[in-house]
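Protein chains in written order, with our numbering: chain A, 1 to 448; chain B, 1 to 772.
Keep in mind the hints are simulated off the structure, nothing from the lab. Worth double-checking, as some hints may not be accurate.
[Unchecked claim] Which residues of chain B face chain A? A partial, calculated answer using Cβ under 7 Å:
1. 75
2. 316
3. 398
4. 401
[Claimed, not checked] Derived pair list, reagent style DSBU-like, types lysine-lysine, alpha-carbon separation capped at 30 Å:
5. B:161 / A:189
6. A:225 / A:243
7. A:189 / A:276
8. B:76 / A:38
9. B:483 / B:373
10. A:394 / B:433
11. B:483 / A:369
12. B:235 / B:262
13. B:433 / A:302
14. B:521 / B:611
15. A:38 / B:373
16. A:396 / B:433
17. A:243 / A:431
18. B:316 / A:225
19. B:293 / A:276
Glycine included, C-beta positions come from ideal geometry on N, C-alpha and C.
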Amino acid sequence: MAIDGVIILDASGRPIIQSGYTSFPPGYPILHIDALHKELAKVSRSGSVDPVIYVAPGIGDLPGGSACCHVAVGELKLIASVSGDGELWIPSFRFTEILHDYFDTVSTATLKDNFDVVYQLLEETLDSSGHPLTTSPSALRDIVLPPSLLSKLLTSLPTAAQTVPGRPGSSVASSASSSAFTSPIPWRKLGIRHNHNEILFDVTEEMRAIVGRNGSTLVSNVYGKIDSNARLTGIPDLVLSFKNPTVMTECAFHPCVRLQRWMREKTMSFIPPEGKFVLAEYQYSPLQGALVSNVPVPLALKPNITVGEYGGNFTVTFSSRTMKIMDNVRIELYLGEDATGAQCTVSSAGSGVGSVGGIEGSWTFEPRKKILRWEIPNMHSSGSWVLRGSWTSKAKVPRPAHAFQIYFELPTYSFSSLKIDQVRLSGETYKIYKGVRLQSCGSVEWRW
Amino acid sequence: MDGVNLHVFTENAARLGMRIQETFNEHTRDLSITRGGASIFDMPDDKVKNIGKQLDSSSDREKLDAMKRLIALISKGRNVSNYFPQVVKNVASQNLEMRKLVYIYLLRYAEHEPDLALLSINTFQKDLSDPSPLIRAMALRVLSGIKVPMIRSLVVLAIKKCAADLSPYVRKAAALAIPKIFQLDSTQEPALISVIATLLRDRSPLSIGSAVIAFESVCPTRLDLLHQQYRRLCKILIDVDEWGQVDLLNLLLRYTRTMLSKPTISPNNESAEEVDGDLQLLLSSSEPLFQSKNPAVVLAVVRVFYYGAPPSWISKIVNPLLRILHASRENERVVLAYLFVITCAHPLLFSTQYPRLLVRTDDPSQVKRDKIKVLLNLCNIDNHQALLREFIDYADDVDDAVVADATHAIGQCARLVQSCTQQCLSALMTMIKSRHDVIVSNAVLVLKSLVQNQLLTGPPASMPSQSPLTIISQLARRIDDIKHPQARACVLWLVGQYSTTQGVSTVIEGVADWAPDVLRKSAKSFNTESPLVKLQALTLAAKLFLLCPMDQTLGLLSRYVFSLGKYDLDYDVRDRTRMLTSLLAGMSLTINGRETEEQGGVILRREQVMKVMFDGKAGIVDEEAIIHDRLSIGSLNLVIGKDMHGDSILPEWLEAGIDPALRQNEEDVAPSAPPPQAISSTVQQAQVSAGGTPVILTPSSSSTPSRDAKGSWRDLDKFYASDSDNKESESSSEEQESEDEGEDSGADESEDNEDDAEEDVKEESGESRTRI
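Sequences and hints are given; from them, build the entire structure.
Below, the structure written as structure tokens:
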């Protein structure tokens, strides 16, 4: 599992950053970029490009060709070329996480601003033989200083440049490098100090469901994730226990969590890394013990669509089936490659005038992606809305997708009602502030 | 004193700076000062000229600026190797950032300027004794990255030095440098192998992963180096960094398949499995890693269980695999490829989990197709109803390839579960009425094979409306709507093949009523059809004529088609025409025009021709995919679907394992005080690692080793040690050779690619021997 190199393309598809590729013919990276562009051109709908593209061998290449794995980072595209033996290095995506960690927004501008940092990061995360080196953000921050206003200021002030360098004759080890690689715990460095100690947990649950033509739920699963943000002094040893740990199955943990302890006691015992990290991921298992245990979908859609010649008509009724307020509801329908436009009206549904709450929302047709999008900023409980309209198409027989994609958010709600019982601290004596936030979101496919 | 105070002060200042930056970063983004990088990146060309001057300047800031400009130029694909001399001078810069940029530059251009690169070597050598492990590791990385042949022996020395470094990070860097120097100079192999052996004995879990990488690239066949370490490696597996875990798991799996006995099931009692203790150790110590957040680790554990575990353990891979399936789109794509292979071999494992594999409309098309393939593997009597409904839904997809796959899946469903054949047929018949060409053509193709299948096995008595002949007649009537050449050809063939009627009175005797019109239509459009359809039109004409040679209209139609075919542009069409007319020569003298008189050879009677035309291809051509049991999960060619050069193939199990006594190690016998590990260097940490280390199921065979046994293998150990010390080069290259041969005979025949690679290595080592 070796990765030949990494290329980052900007929004217009030009390479802006590219790793060494020293042991490959000069045309090799270009072949990969070309392969990606070809695939992108072939597929009109973005997002449906095969994430792994086969690249035929060029002149002077290794026989057998190679693979171009790519992933989108905001407007950018990151290509990892893989060839030769062994496994596919899926997580070139780890590098995207690191980029996000270093720069709040990853865009062409920020990368161009900080391209020297990106190059240093590339150098540290990927050995020239293609094996991942240091990928833990906390260790990386020791080696490669994140871009900061101060460092920019220092370099831009002519006088500052003279004062900063270390004493003559000493090693290059500055404050950053002296502590690097000395911590006994790979994910936490020594000597962290905060006046205010706190750890925050964000429990985010995502529902992924498919509802069939007849309105019955074919599958619905809830995947949860516990994000943490720790600002703690020293080496704190935490134990996180839950009131109802049984709702979590198929857990996956950050390397800091002691797996044996979890298997034994269902408590998460760990020394947290500093800053943001994903502590655990799980799947919600409803307690019924049934074979196929679907979590109820908190919404309903009544689509009525007729596909005619050169277009079609539709009436879609959307209603909420939960007592909570749903935020940012987005309902999307792909109208087919030849769709040219759409015309709709949004109205409240049926007789219950009083029951309808919230803002009615708006619709848009995205001509590039051929997607009709209906957005409802917030949806009150048991409200319902109707979208009526028609669309036009160049094709005599239009081919719209046979499913709506519905996205929604439920703030301060959790499908599993997972409850954190307590957070115990040992190893340090100070008091910590603990915070928990719940939120849920979902994406439902509703077929018609 | 002052110096120390200043140092503390600068440290605090830096920390303060970080804090300030975090709060102000948001607000000041638009200030021009933070846009410095972009202006460097997109600098005008006239600025380029200054770079040389800047590099020579005395100001650190100027130099750093120049280096950034250089890197920006590299990034744009310019060749900036002409600055090499000036850059090399800055290799000993006090500024860490500056140094890193210089390193990046050096690694890219050192090959082109070997002489100048030598100038920098001294600095790196000095850095190898720097107090900071970061600097030491970095120096070694650059040193091994500079591909200048002259410094090879220097680098080997540096590697040896760093392999004994106190910091595990430096040892890690040493391990990673080994493959690079080996690529450059394979004569160093013996020395490198001994370093690898040391590194594999390393106490710290941090550097193990890199040691494994070095092992795999330098001496992958020297599994004997692992005997002593195997159990310890299993135990520390959980503490190794995540990428190291992946490499280590793969290596341990290879070790077990080569050195341990295969787990066996006793024939009379299913539950009693005989598992080697050491294999059990690997399985139980890798099992917790199913909970890793890194999908690569989970896949590696899946590999261990899939290829190493006894059958009763395999079910453990189900949930972890399904979990990482949902982690991201890219994961889904890769994991599905592996799922396909696993479900081919073990369909029952996942058959109740099918809902988690259902296709979503917003999946990329390759993922959709893979999911359909996997779902089809899972199809059985219990879930076929639900799956069939799904496949019918997928046939409405907007992607043509997915439609094709879904339609074929419907056909496969009918074949797998006979009882739902009628359902499949009616679904396909509905699809034929669709307004979309793609759906119709695919449905026709699948119908053809289903109908044939039914006719062979005898149609079921139920539902006469869906009898095969009715279906064919319906297809025949819809020939105008079927546009896809392959589908058209298919219908023409079906009509010709099954238009025979017995006992039923029809307009033309012996020919079904719906058939002649198809011939008329295809004769009319003959010139515009694709060759595939033309061939079938000719066959149809021949068959119908054969069924009723007396009929005037049919005769005329066939003659017309044949004369069109005779002068067609396509070779195959002309050939087919010639063949058919000769076959039919006995039937009607007029069909072939005037040349009949001089036609020699055998002229067949009608019955004989019937035999040739109708019975020739009654069997079903099953276009089933080959089961990919040769492909191993975790390999690249599985994901891409193309044969990639040099994919590793897992060795077959050995008949019997080697003596477990070889794997005994001093520490197993007499547990001493916890060795100084990186992870437990402080008191608190000792507890931590104790909590983190797995409960080890010590195999019974090794728990009570006898004293004298220990003595004897100690001797063996000494023997190995002295062997490698005294006549290093000879013994190990010979061992390598013999090991290779052993591998070859034991391993699979088709390991050609790998063997080639190994051959190269052998040849080179052979050369080195003669030189010695």
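Hint check:
{"no.": "1", "hint": "75", "result": "holds (6 Å)"}
{"no.": "2", "hint": "316", "result": "violated (12 Å)"}
{"no.": "3", "hint": "398", "result": "holds (5 Å)"}
{"no.": "4", "hint": "401", "result": "violated (11 Å)"}
{"no.": "5", "hint": "B:161 / A:189", "result": "holds (26 Å)"}
{"no.": "6", "hint": "A:225 / A:243", "result": "holds (17 Å)"}
{"no.": "7", "hint": "A:189 / A:276", "result": "holds (14 Å)"}
{"no.": "8", "hint": "B:76 / A:38", "result": "holds (22 Å)"}
{"no.": "9", "hint": "B:483 / B:373", "result": "holds (26 Å)"}
{"no.": "10", "hint": "A:394 / B:433", "result": "holds (22 Å)"}
{"no.": "11", "hint": "B:483 / A:369", "result": "holds (29 Å)"}
{"no.": "12", "hint": "B:235 / B:262", "result": "holds (21 Å)"}
{"no.": "13", "hint": "B:433 / A:302", "result": "holds (26 Å)"}
{"no.": "14", "hint": "B:521 / B:611", "result": "holds (26 Å)"}
{"no.": "15", "hint": "A:38 / B:373", "result": "holds (26 Å)"}
{"no.": "16", "hint": "A:396 / B:433", "result": "holds (16 Å)"}
{"no.": "17", "hint": "A:243 / A:431", "result": "holds (22 Å)"}
{"no.": "18", "hint": "B:316 / A:225", "result": "holds (22 Å)"}
{"no.": "19", "hint": "B:293 / A:276", "result": "holds (15 Å)"}
Figure legend: structure checked against the earlier numbered hints; hints not met, in rising order: 2 and 4.
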